[in-house]
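When you get a sec, could you build the whole thing from the sequences and use the hints?
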Amino acid sequence: MGSSVSENYLLSSHASTPAHHSSTVSDDHLQNKDLDAGALFVLQSKGSWIHCGYHLTTSIVAPALLSLPYAFMFLGWTAGILSLVVGAAVSFYSYNLLSMVLDHHAASGHRLLRFRDMAHHILGPNWARYYVGPVQFLVCYLAVIGGSLLGGQCMRTMYKLSNPDGELKLYAFVSIFGAFMLILAQLPSFHSLRHINLISVLLSLAYTACAVGGCIYIGSSSRGPSKDYSLKGDQQTRVFGAFNAMGIIATSFGNGIIPEIQATVAPPTKGKMFKGLCLCYTVLAVTFFSTAIAGYWAFGNQARGVILNNFMDSHGTPLLPKSFIYLSNILVIAQLSAVTVVYLQPTNEILEKTFGDPESKQFSLRNILPRVVARSVSVIAATVVATMLPFIGDIVALTGAIGFLPLDFMLPAVFYNVTFKPSRRGFVFLLNGTIAVVFAALTVITTIAAVRQIGLDAKYYKLFANV
7 MGSSVSENYL
17 LSSHASTPAH
27 HSSTVSDDHL
37 QNKDLDAGAL
47 FVLQSKGSWI
57 HCGYHLTTSI
67 VAPALLSLPY
77 AFMFLGWTAG
87 ILSLVVGAAV
97 SFYSYNLLSM
107 VLDHHAASGH
117 RLLRFRDMAH
127 HILGPNWARY
137 YVGPVQFLVC
147 YLAVIGGSLL
157 GGQCMRTMYK
167 LSNPDGELKL
177 YAFVSIFGAF
187 MLILAQLPSF
197 HSLRHINLIS
207 VLLSLAYTAC
217 AVGGCIYIGS
227 SSRGPSKDYS
237 LKGDQQTRVF
247 GAFNAMGIIA
257 TSFGNGIIPE
267 IQATVAPPTK
277 GKMFKGLCLC
287 YTVLAVTFFS
297 TAIAGYWAFG
307 NQARGVILNN
317 FMDSHGTPLL
327 PKSFIYLSNI
337 LVIAQLSAVT
347 VVYLQPTNEI
357 LEKTFGDPES
367 KQFSLRNILP
377 RVVARSVSVI
387 AATVVATMLP
397 FIGDIVALTG
407 AIGFLPLDFM
417 LPAVFYNVTF
427 KPSRRGFVFL
437 LNGTIAVVFA
447 ALTVITTIAA
457 VRQIGLDAKY
467 YKLFANV
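For the sequence shown, the numbering used here gives the first residue as 7, with consecutive numbering after it.
Hint data in this document are derived by calculation from the structure and do not stem from the laboratory. For each residue, glycine too, the CB sits at the ideal point set by N, CA and C. Be careful, since some hints might not be right.
What the hints assert, rightly or not - The list that follows gives simulated cross-link-like pairs (lysine-lysine, DSSO-like), each with its CA atoms no further than 30 Å apart:
#, residue 1, residue 2
1, Lys52, Lys233
2, Lys359, Lys52
3, Lys328, Lys233
4, Lys175, Lys328
5, Lys276, Lys328
6, Lys468, Lys238
7, Lys276, Lys468
8, Lys166, Lys233
9, Lys328, Lys166
10, Lys367, Lys166
11, Lys166, Lys359
12, Lys175, Lys367
13, Lys175, Lys468
14, Lys281, Lys427
15, Lys468, Lys52
16, Lys238, Lys465
17, Lys276, Lys52
Said to hold, decoys possible - Ranges of calculated distance between the beta carbons of each label pair, as one might list FRET restraints:
#, residue 1, residue 2, range
18, Trp83, Leu129, 33 to 43 Å
19, Asp171, Ser370, 50 to 60 Å
20, Pro274, Thr84, 36 to 46 Å
Listed below in C-alpha coordinates is the structure:
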(Lines of atoms letter the chains of each structure in order from A and count residues from 1; the text may use other names and numbers.)
(Lines give C-alpha, C1' and ligand atoms only; values in the text may rest on other atoms or scores of the structure.)
Protein backbone atom coordinates (compact mmCIF):
# COMPACT_ATOMS: atom_id res chain seq x y z
CA MET A 1 0.00 0.00 0.00
CA GLY A 2 2.88 2.37 0.80
CA SER A 3 4.09 3.26 -2.70
CA SER A 4 0.67 3.56 -4.34
CA VAL A 5 -0.75 5.71 -1.55
CA SER A 6 2.34 7.89 -1.54
CA GLU A 7 1.81 8.71 -5.20
CA ASN A 8 -1.60 10.12 -4.31
CA TYR A 9 -0.35 11.99 -1.28
CA LEU A 10 2.89 13.53 -2.47
CA LEU A 11 3.86 16.22 -4.95
CA SER A 12 7.44 16.42 -6.13
CA SER A 13 9.19 19.73 -5.65
CA HIS A 14 9.78 22.07 -8.57
CA ALA A 15 13.12 23.19 -9.95
CA SER A 16 13.74 26.78 -8.99
CA THR A 17 16.42 28.03 -11.38
CA PRO A 18 15.67 29.74 -14.69
CA ALA A 19 17.93 27.26 -16.51
CA HIS A 20 15.49 24.48 -15.73
CA HIS A 21 12.33 26.40 -16.63
CA SER A 22 11.34 24.22 -19.59
CA SER A 23 11.90 20.99 -17.70
CA THR A 24 9.95 22.40 -14.76
CA VAL A 25 6.93 23.10 -16.97
CA SER A 26 7.14 19.57 -18.28
CA ASP A 27 7.51 18.19 -14.78
CA ASP A 28 4.48 20.21 -13.64
CA HIS A 29 2.39 18.60 -16.35
CA LEU A 30 3.47 15.12 -15.27
CA GLN A 31 3.03 15.89 -11.57
CA ASN A 32 -0.48 17.24 -12.08
CA LYS A 33 -1.45 13.89 -13.55
CA ASP A 34 -0.54 12.24 -10.25
CA LEU A 35 -2.62 14.63 -8.14
CA ASP A 36 -6.17 13.90 -7.02
CA ALA A 37 -8.86 16.46 -7.76
CA GLY A 38 -8.74 17.88 -4.21
CA ALA A 39 -5.05 18.77 -4.42
CA LEU A 40 -5.23 19.81 -8.07
CA PHE A 41 -8.23 22.15 -7.86
CA VAL A 42 -8.60 23.31 -4.21
CA LEU A 43 -4.93 23.50 -3.17
CA GLN A 44 -3.56 25.28 -6.21
CA SER A 45 0.02 26.45 -5.65
CA LYS A 46 -0.14 29.93 -7.20
CA GLY A 47 0.19 32.36 -4.28
CA SER A 48 2.94 34.61 -2.95
CA TRP A 49 4.13 34.98 0.62
CA ILE A 50 1.78 37.92 1.20
CA HIS A 51 -1.22 35.85 0.07
CA CYS A 52 -0.04 33.24 2.55
CA GLY A 53 0.01 35.97 5.20
CA TYR A 54 -3.59 36.90 4.41
CA HIS A 55 -4.71 33.28 4.76
CA LEU A 56 -2.80 32.82 8.02
CA THR A 57 -4.14 36.04 9.53
CA THR A 58 -7.73 35.22 8.63
CA SER A 59 -7.49 31.73 10.09
CA ILE A 60 -5.95 32.89 13.40
CA VAL A 61 -6.97 36.52 13.97
CA ALA A 62 -10.67 35.75 14.14
CA PRO A 63 -13.61 36.86 16.34
CA ALA A 64 -12.47 34.31 18.95
CA LEU A 65 -10.09 37.05 20.12
CA LEU A 66 -13.14 38.86 21.53
CA SER A 67 -13.28 36.12 24.19
CA LEU A 68 -9.81 36.91 25.58
CA PRO A 69 -11.06 39.36 28.28
CA TYR A 70 -13.36 36.55 29.46
CA ALA A 71 -10.33 34.24 29.74
CA PHE A 72 -8.50 36.92 31.75
CA MET A 73 -11.44 36.92 34.18
CA PHE A 74 -10.35 33.45 35.38
CA LEU A 75 -6.62 34.17 35.39
CA GLY A 76 -6.13 37.74 36.54
CA TRP A 77 -3.64 40.24 35.14
CA THR A 78 -0.33 38.45 35.64
CA ALA A 79 -1.34 34.92 34.60
CA GLY A 80 -3.51 36.28 31.78
CA ILE A 81 -0.79 38.35 30.12
CA LEU A 82 1.80 35.61 30.69
CA SER A 83 -0.49 33.01 29.07
CA LEU A 84 -1.03 35.31 26.10
CA VAL A 85 2.72 35.88 25.62
CA VAL A 86 3.53 32.17 25.93
CA GLY A 87 0.69 31.25 23.55
CA ALA A 88 1.93 33.70 20.92
CA ALA A 89 5.57 32.62 21.23
CA VAL A 90 4.92 28.86 21.22
CA SER A 91 2.36 28.97 18.39
CA PHE A 92 4.68 31.07 16.18
CA TYR A 93 7.52 28.67 16.91
CA SER A 94 5.36 25.61 16.24
CA TYR A 95 4.00 26.94 12.95
CA ASN A 96 7.53 27.78 11.84
CA LEU A 97 8.57 24.20 12.71
CA LEU A 98 5.80 22.87 10.47
CA SER A 99 6.93 25.16 7.66
CA MET A 100 10.56 24.04 8.01
CA VAL A 101 9.53 20.38 7.87
CA LEU A 102 7.44 21.04 4.76
CA ASP A 103 10.33 22.91 3.10
CA HIS A 104 12.72 20.09 3.95
CA HIS A 105 10.53 17.45 2.32
CA ALA A 106 9.88 19.67 -0.70
CA ALA A 107 13.64 20.11 -1.19
CA SER A 108 14.12 16.33 -1.03
CA GLY A 109 11.50 15.71 -3.72
CA HIS A 110 8.26 15.30 -1.77
CA ARG A 111 6.07 18.37 -1.47
CA LEU A 112 3.43 17.58 1.15
CA LEU A 113 0.18 19.45 0.56
CA ARG A 114 -2.04 18.42 3.46
CA PHE A 115 -1.76 17.78 7.19
CA ARG A 116 -2.65 14.14 6.68
CA ASP A 117 0.08 13.93 4.00
CA MET A 118 2.62 14.99 6.64
CA ALA A 119 1.37 12.43 9.13
CA HIS A 120 1.36 9.71 6.45
CA HIS A 121 4.88 10.48 5.25
CA ILE A 122 6.49 11.13 8.65
CA LEU A 123 4.61 8.96 11.16
CA GLY A 124 2.95 6.36 8.94
CA PRO A 125 -0.40 5.80 7.21
CA ASN A 126 -2.31 4.82 10.35
CA TRP A 127 -1.62 8.23 11.93
CA ALA A 128 -3.01 9.93 8.84
CA ARG A 129 -6.05 7.68 8.46
CA TYR A 130 -7.15 7.26 12.06
CA TYR A 131 -6.05 10.41 13.86
CA VAL A 132 -4.75 13.45 11.97
CA GLY A 133 -7.18 13.27 9.04
CA PRO A 134 -10.39 12.75 11.08
CA VAL A 135 -9.40 15.18 13.85
CA GLN A 136 -8.49 17.95 11.39
CA PHE A 137 -11.74 17.46 9.48
CA LEU A 138 -13.80 17.49 12.68
CA VAL A 139 -12.11 20.58 14.11
CA CYS A 140 -12.42 22.56 10.87
CA TYR A 141 -16.02 21.55 10.21
CA LEU A 142 -17.02 22.41 13.77
CA ALA A 143 -15.32 25.77 13.27
CA VAL A 144 -17.67 26.27 10.30
CA ILE A 145 -20.66 25.37 12.48
CA GLY A 146 -19.44 27.65 15.27
CA GLY A 147 -18.87 30.48 12.79
CA SER A 148 -22.44 30.15 11.50
CA LEU A 149 -23.78 30.24 15.05
CA LEU A 150 -21.73 33.29 16.06
CA GLY A 151 -22.74 35.08 12.86
CA GLY A 152 -26.39 34.44 13.69
CA GLN A 153 -25.91 35.65 17.26
CA CYS A 154 -24.37 38.92 16.05
CA MET A 155 -27.30 39.44 13.68
CA ARG A 156 -29.77 38.77 16.49
CA THR A 157 -27.96 41.29 18.72
CA MET A 158 -28.54 43.99 16.11
CA TYR A 159 -32.13 42.88 15.65
CA LYS A 160 -32.87 43.05 19.39
CA LEU A 161 -31.21 46.44 19.60
CA SER A 162 -33.50 47.87 16.93
CA ASN A 163 -36.58 45.86 17.88
CA PRO A 164 -36.48 44.71 21.54
CA ASP A 165 -39.87 43.05 21.29
CA GLY A 166 -39.17 41.30 18.00
CA GLU A 167 -40.19 37.65 17.74
CA LEU A 168 -37.56 36.33 15.33
CA LYS A 169 -35.57 33.52 16.89
CA LEU A 170 -31.84 32.78 16.73
CA TYR A 171 -32.25 30.00 14.16
CA ALA A 172 -33.63 32.49 11.64
CA PHE A 173 -30.46 34.57 11.78
CA VAL A 174 -28.21 31.52 11.66
CA SER A 175 -30.07 30.48 8.50
CA ILE A 176 -29.50 33.92 6.96
CA PHE A 177 -25.77 33.67 7.65
CA GLY A 178 -25.76 30.14 6.24
CA ALA A 179 -27.40 31.37 3.03
CA PHE A 180 -24.58 33.87 2.57
CA MET A 181 -22.00 31.15 3.21
CA LEU A 182 -23.70 29.04 0.55
CA ILE A 183 -22.52 31.60 -2.01
CA LEU A 184 -18.98 32.04 -0.68
CA ALA A 185 -18.49 28.26 -0.47
CA GLN A 186 -18.55 28.05 -4.27
CA LEU A 187 -15.27 29.94 -4.67
CA PRO A 188 -13.23 27.25 -6.42
CA SER A 189 -9.88 27.18 -4.59
CA PHE A 190 -8.07 28.30 -1.46
CA HIS A 191 -5.99 30.68 -3.60
CA SER A 192 -9.16 32.34 -4.89
CA LEU A 193 -9.81 33.62 -1.34
CA ARG A 194 -6.71 35.85 -1.31
CA HIS A 195 -8.55 39.12 -1.96
CA ILE A 196 -11.33 38.24 0.47
CA ASN A 197 -8.71 37.45 3.10
CA LEU A 198 -6.96 40.77 2.54
CA ILE A 199 -10.27 42.46 3.33
CA SER A 200 -10.59 40.11 6.30
CA VAL A 201 -7.28 41.36 7.71
CA LEU A 202 -8.52 44.95 7.50
CA LEU A 203 -11.85 43.97 9.07
CA SER A 204 -10.11 42.31 12.03
CA LEU A 205 -8.19 45.53 12.67
CA ALA A 206 -11.38 47.56 12.34
CA TYR A 207 -13.51 45.59 14.81
CA THR A 208 -10.57 45.41 17.20
CA ALA A 209 -10.42 49.20 17.11
CA CYS A 210 -14.16 49.30 17.82
CA ALA A 211 -13.85 46.80 20.69
CA VAL A 212 -10.90 48.59 22.28
CA GLY A 213 -12.41 52.04 21.76
CA GLY A 214 -15.74 50.92 23.21
CA CYS A 215 -14.06 49.35 26.24
CA ILE A 216 -12.00 52.45 26.94
CA TYR A 217 -15.07 54.70 26.60
CA ILE A 218 -17.24 52.59 28.93
CA GLY A 219 -14.41 51.96 31.37
CA SER A 220 -13.76 55.70 31.65
CA SER A 221 -17.41 56.69 32.06
CA SER A 222 -19.72 56.57 35.07
CA ARG A 223 -22.02 54.18 33.18
CA GLY A 224 -19.44 51.40 33.27
CA PRO A 225 -19.35 48.75 36.00
CA SER A 226 -17.18 49.14 39.05
CA LYS A 227 -13.81 47.56 38.35
CA ASP A 228 -13.24 44.34 40.26
CA TYR A 229 -10.34 42.10 39.25
CA SER A 230 -10.72 39.49 42.00
CA LEU A 231 -11.19 35.84 40.99
CA LYS A 232 -14.75 34.68 41.63
CA GLY A 233 -15.98 31.37 43.04
CA ASP A 234 -14.65 28.70 45.38
CA GLN A 235 -11.32 26.92 44.96
CA GLN A 236 -12.67 24.22 42.63
CA THR A 237 -14.41 26.78 40.41
CA ARG A 238 -11.24 28.86 40.21
CA VAL A 239 -9.09 25.87 39.26
CA PHE A 240 -11.41 24.67 36.51
CA GLY A 241 -11.93 28.26 35.41
CA ALA A 242 -8.17 28.72 35.02
CA PHE A 243 -7.90 25.50 32.98
CA ASN A 244 -10.80 26.59 30.81
CA ALA A 245 -9.22 30.01 30.31
CA MET A 246 -5.89 28.49 29.23
CA GLY A 247 -7.83 26.36 26.76
CA ILE A 248 -9.58 29.45 25.38
CA ILE A 249 -6.26 31.27 24.93
CA ALA A 250 -4.50 28.28 23.36
CA THR A 251 -7.41 27.62 21.02
CA SER A 252 -7.46 31.31 20.02
CA PHE A 253 -4.00 30.75 18.53
CA GLY A 254 -5.21 27.55 16.84
CA ASN A 255 -5.04 27.05 13.12
CA GLY A 256 -5.08 23.40 12.10
CA ILE A 257 -4.49 24.07 8.39
CA ILE A 258 -0.87 25.26 8.18
CA PRO A 259 0.14 22.66 5.52
CA GLU A 260 -2.90 23.50 3.39
CA ILE A 261 -2.04 27.21 3.57
CA GLN A 262 1.58 26.57 2.61
CA ALA A 263 0.29 24.41 -0.25
CA THR A 264 -1.20 27.55 -1.84
CA VAL A 265 2.28 29.11 -2.21
CA ALA A 266 3.96 28.85 -5.61
CA PRO A 267 7.31 27.02 -5.56
CA PRO A 268 9.98 27.51 -4.46
CA THR A 269 8.35 27.84 -1.02
CA LYS A 270 11.41 28.22 1.21
CA GLY A 271 11.17 31.28 3.45
CA LYS A 272 7.76 32.41 2.20
CA MET A 273 5.80 30.93 5.08
CA PHE A 274 8.06 32.68 7.60
CA LYS A 275 7.29 36.04 5.98
CA GLY A 276 3.59 35.22 6.04
CA LEU A 277 3.80 34.30 9.73
CA CYS A 278 5.55 37.59 10.48
CA LEU A 279 2.69 39.50 8.81
CA CYS A 280 0.12 37.41 10.66
CA TYR A 281 1.71 37.83 14.08
CA THR A 282 2.16 41.56 13.63
CA VAL A 283 -1.60 41.84 13.23
CA LEU A 284 -2.11 39.30 16.01
CA ALA A 285 0.03 41.26 18.48
CA VAL A 286 -1.96 44.42 17.83
CA THR A 287 -5.38 42.78 18.05
CA PHE A 288 -5.02 40.10 20.73
CA PHE A 289 -3.18 42.12 23.35
CA SER A 290 -5.15 45.35 22.93
CA THR A 291 -8.52 43.58 23.12
CA ALA A 292 -7.58 41.39 26.08
CA ILE A 293 -6.11 44.24 28.12
CA ALA A 294 -8.73 46.89 27.30
CA GLY A 295 -11.64 44.49 27.81
CA TYR A 296 -10.41 43.18 31.14
CA TRP A 297 -9.47 46.67 32.31
CA ALA A 298 -12.95 47.99 31.57
CA PHE A 299 -15.08 45.11 32.87
CA GLY A 300 -12.87 43.04 35.17
CA ASN A 301 -14.58 39.89 36.41
CA GLN A 302 -17.82 40.93 34.71
CA ALA A 303 -16.39 40.36 31.20
CA ARG A 304 -18.71 38.22 29.10
CA GLY A 305 -17.95 35.42 26.66
CA VAL A 306 -17.79 37.92 23.78
CA ILE A 307 -16.69 41.36 24.89
CA LEU A 308 -19.10 43.13 22.52
CA ASN A 309 -21.95 41.80 24.70
CA ASN A 310 -20.66 44.05 27.49
CA PHE A 311 -21.59 47.04 25.38
CA MET A 312 -25.16 46.56 26.67
CA ASP A 313 -26.04 46.22 30.36
CA SER A 314 -27.91 43.30 31.89
CA HIS A 315 -31.24 44.94 30.97
CA GLY A 316 -30.31 45.32 27.31
CA THR A 317 -29.68 49.07 27.54
CA PRO A 318 -26.82 50.14 25.24
CA LEU A 319 -23.85 51.77 26.95
CA LEU A 320 -22.64 53.17 23.62
CA PRO A 321 -24.43 54.79 20.68
CA LYS A 322 -26.50 52.20 18.83
CA SER A 323 -24.78 53.03 15.56
CA PHE A 324 -21.42 52.10 17.12
CA ILE A 325 -22.75 48.71 18.28
CA TYR A 326 -24.27 48.10 14.83
CA LEU A 327 -20.95 48.91 13.17
CA SER A 328 -18.98 46.63 15.53
CA ASN A 329 -21.26 43.67 14.88
CA ILE A 330 -21.36 44.25 11.11
CA LEU A 331 -17.55 44.21 10.98
CA VAL A 332 -17.46 40.97 13.00
CA ILE A 333 -20.07 39.31 10.76
CA ALA A 334 -18.20 40.33 7.62
CA GLN A 335 -14.88 38.96 8.86
CA LEU A 336 -16.55 35.88 10.27
CA SER A 337 -17.78 34.98 6.79
CA ALA A 338 -14.16 34.98 5.55
CA VAL A 339 -12.97 32.91 8.52
CA THR A 340 -15.75 30.39 7.99
CA VAL A 341 -15.02 29.91 4.29
CA VAL A 342 -11.31 29.44 5.09
CA TYR A 343 -12.16 26.59 7.45
CA LEU A 344 -14.39 25.11 4.77
CA GLN A 345 -11.35 24.43 2.61
CA PRO A 346 -10.36 21.05 4.14
CA THR A 347 -13.96 19.88 3.64
CA ASN A 348 -13.97 21.24 0.08
CA GLU A 349 -10.71 19.46 -0.64
CA ILE A 350 -12.09 16.13 0.58
CA LEU A 351 -15.32 16.58 -1.40
CA GLU A 352 -13.37 17.52 -4.54
CA LYS A 353 -11.10 14.51 -4.08
CA THR A 354 -14.13 12.24 -3.68
CA PHE A 355 -16.41 13.54 -6.43
CA GLY A 356 -14.09 15.44 -8.79
CA ASP A 357 -12.29 14.14 -11.85
CA PRO A 358 -8.66 15.28 -12.17
CA GLU A 359 -8.65 14.22 -15.83
CA SER A 360 -11.34 16.80 -16.66
CA LYS A 361 -10.87 20.57 -16.55
CA GLN A 362 -11.63 22.35 -13.27
CA PHE A 363 -14.57 24.25 -14.74
CA SER A 364 -15.94 21.48 -16.92
CA LEU A 365 -19.55 20.44 -16.32
CA ARG A 366 -18.24 17.12 -15.03
CA ASN A 367 -16.56 18.94 -12.10
CA ILE A 368 -18.77 21.99 -11.63
CA LEU A 369 -21.99 20.04 -11.01
CA PRO A 370 -20.71 17.74 -8.23
CA ARG A 371 -18.71 20.63 -6.75
CA VAL A 372 -21.75 22.89 -6.38
CA VAL A 373 -23.98 20.11 -5.06
CA ALA A 374 -21.46 18.70 -2.57
CA ARG A 375 -20.41 22.09 -1.19
CA SER A 376 -24.02 23.23 -0.92
CA VAL A 377 -24.95 20.11 1.03
CA SER A 378 -21.95 20.63 3.29
CA VAL A 379 -22.90 24.23 4.14
CA ILE A 380 -26.59 23.40 4.56
CA ALA A 381 -25.69 20.57 6.96
CA ALA A 382 -23.47 22.89 9.02
CA THR A 383 -26.22 25.53 9.14
CA VAL A 384 -28.85 23.00 10.22
CA VAL A 385 -26.63 21.75 13.04
CA ALA A 386 -25.97 25.35 14.17
CA THR A 387 -29.70 26.12 14.25
CA MET A 388 -30.62 22.90 16.05
CA LEU A 389 -27.76 22.95 18.57
CA PRO A 390 -27.02 26.55 19.59
CA PHE A 391 -25.02 25.17 22.54
CA ILE A 392 -22.47 23.87 20.01
CA GLY A 393 -19.96 26.25 21.61
CA ASP A 394 -19.42 23.74 24.43
CA ILE A 395 -18.80 20.98 21.88
CA VAL A 396 -16.45 23.22 19.89
CA ALA A 397 -14.48 23.89 23.09
CA LEU A 398 -14.14 20.16 23.67
CA THR A 399 -13.11 19.52 20.08
CA GLY A 400 -10.64 22.39 20.22
CA ALA A 401 -9.06 20.82 23.29
CA ILE A 402 -8.62 17.42 21.64
CA GLY A 403 -7.96 18.83 18.16
CA PHE A 404 -6.31 22.25 17.91
CA LEU A 405 -3.86 21.70 20.77
CA PRO A 406 -2.39 18.42 19.43
CA LEU A 407 -2.39 19.55 15.79
CA ASP A 408 -0.86 22.96 16.38
CA PHE A 409 1.42 22.45 19.39
CA MET A 410 2.27 18.77 19.87
CA LEU A 411 2.60 17.39 16.34
CA PRO A 412 4.88 20.15 14.95
CA ALA A 413 7.48 19.36 17.62
CA VAL A 414 7.18 15.63 16.93
CA PHE A 415 7.37 16.11 13.14
CA TYR A 416 10.50 18.24 13.49
CA ASN A 417 12.31 15.82 15.80
CA VAL A 418 11.45 12.81 13.63
CA THR A 419 12.41 14.60 10.39
CA PHE A 420 15.63 16.39 11.40
CA LYS A 421 16.67 14.06 14.23
CA PRO A 422 18.43 16.70 16.38
CA SER A 423 20.71 15.50 19.17
CA ARG A 424 18.67 14.16 22.08
CA ARG A 425 20.85 16.14 24.44
CA GLY A 426 20.61 19.30 22.38
CA PHE A 427 18.52 22.36 23.19
CA VAL A 428 16.16 22.01 20.20
CA PHE A 429 15.23 18.39 20.93
CA LEU A 430 14.63 19.14 24.61
CA LEU A 431 12.63 22.28 23.84
CA ASN A 432 10.42 20.45 21.34
CA GLY A 433 9.97 17.55 23.73
CA THR A 434 9.00 19.92 26.53
CA ILE A 435 6.43 21.67 24.32
CA ALA A 436 4.93 18.33 23.28
CA VAL A 437 4.68 17.08 26.89
CA VAL A 438 3.32 20.34 28.33
CA PHE A 439 0.65 20.68 25.67
CA ALA A 440 -0.24 16.99 25.95
CA ALA A 441 -0.93 17.66 29.63
CA LEU A 442 -2.85 20.84 28.75
CA THR A 443 -4.89 18.83 26.24
CA VAL A 444 -5.95 16.41 28.98
CA ILE A 445 -6.68 19.19 31.46
CA THR A 446 -8.70 21.36 29.06
CA THR A 447 -10.60 18.30 27.84
CA ILE A 448 -11.65 17.54 31.42
CA ALA A 449 -12.66 21.18 31.93
CA ALA A 450 -14.68 21.18 28.68
CA VAL A 451 -16.47 17.94 29.63
CA ARG A 452 -17.28 19.43 33.04
CA GLN A 453 -18.70 22.55 31.38
CA ILE A 454 -20.89 20.41 29.11
CA GLY A 455 -22.20 18.64 32.21
CA LEU A 456 -23.01 21.97 33.89
CA ASP A 457 -24.78 23.35 30.81
CA ALA A 458 -26.61 20.13 29.91
CA LYS A 459 -29.75 21.21 31.78
CA TYR A 460 -30.10 24.17 29.39
CA TYR A 461 -29.71 22.07 26.21
CA LYS A 462 -32.76 22.20 23.97
CA LEU A 463 -33.17 21.85 20.22
CA PHE A 464 -33.57 25.20 18.43
CA ALA A 465 -33.06 27.03 21.75
CA ASN A 466 -33.06 30.80 21.48
CA VAL A 467 -29.89 31.30 23.55
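Status of the hints after comparison with the structure:
no.: 1; hint: Lys52 x Lys233; result: violated, 51 Å
no.: 2; hint: Lys359 x Lys52; result: holds, 19 Å
no.: 3; hint: Lys328 x Lys233; result: holds, 24 Å
no.: 4; hint: Lys175 x Lys328; result: holds, 21 Å
no.: 5; hint: Lys276 x Lys328; result: violated, 48 Å
no.: 6; hint: Lys468 x Lys238; result: holds, 28 Å
no.: 7; hint: Lys276 x Lys468; result: violated, 50 Å
no.: 8; hint: Lys166 x Lys233; result: holds, 27 Å
no.: 9; hint: Lys328 x Lys166; result: holds, 11 Å
no.: 10; hint: Lys367 x Lys166; result: violated, 48 Å
no.: 11; hint: Lys166 x Lys359; result: violated, 43 Å
no.: 12; hint: Lys175 x Lys367; result: violated, 44 Å
no.: 13; hint: Lys175 x Lys468; result: holds, 14 Å
no.: 14; hint: Lys281 x Lys427; result: holds, 25 Å
no.: 15; hint: Lys468 x Lys52; result: violated, 46 Å
no.: 16; hint: Lys238 x Lys465; result: holds, 22 Å
no.: 17; hint: Lys276 x Lys52; result: holds, 14 Å
no.: 18; hint: Trp83 x Leu129: 33 to 43 Å; result: holds, 40 Å
no.: 19; hint: Asp171 x Ser370: 50 to 60 Å; result: holds, 52 Å
no.: 20; hint: Pro274 x Thr84: 36 to 46 Å; result: holds, 44 Å
Going down the numbered hints, you'll see the structure goes against 1, 5, 7, 10, 11, 12 and 15, while the others check out.
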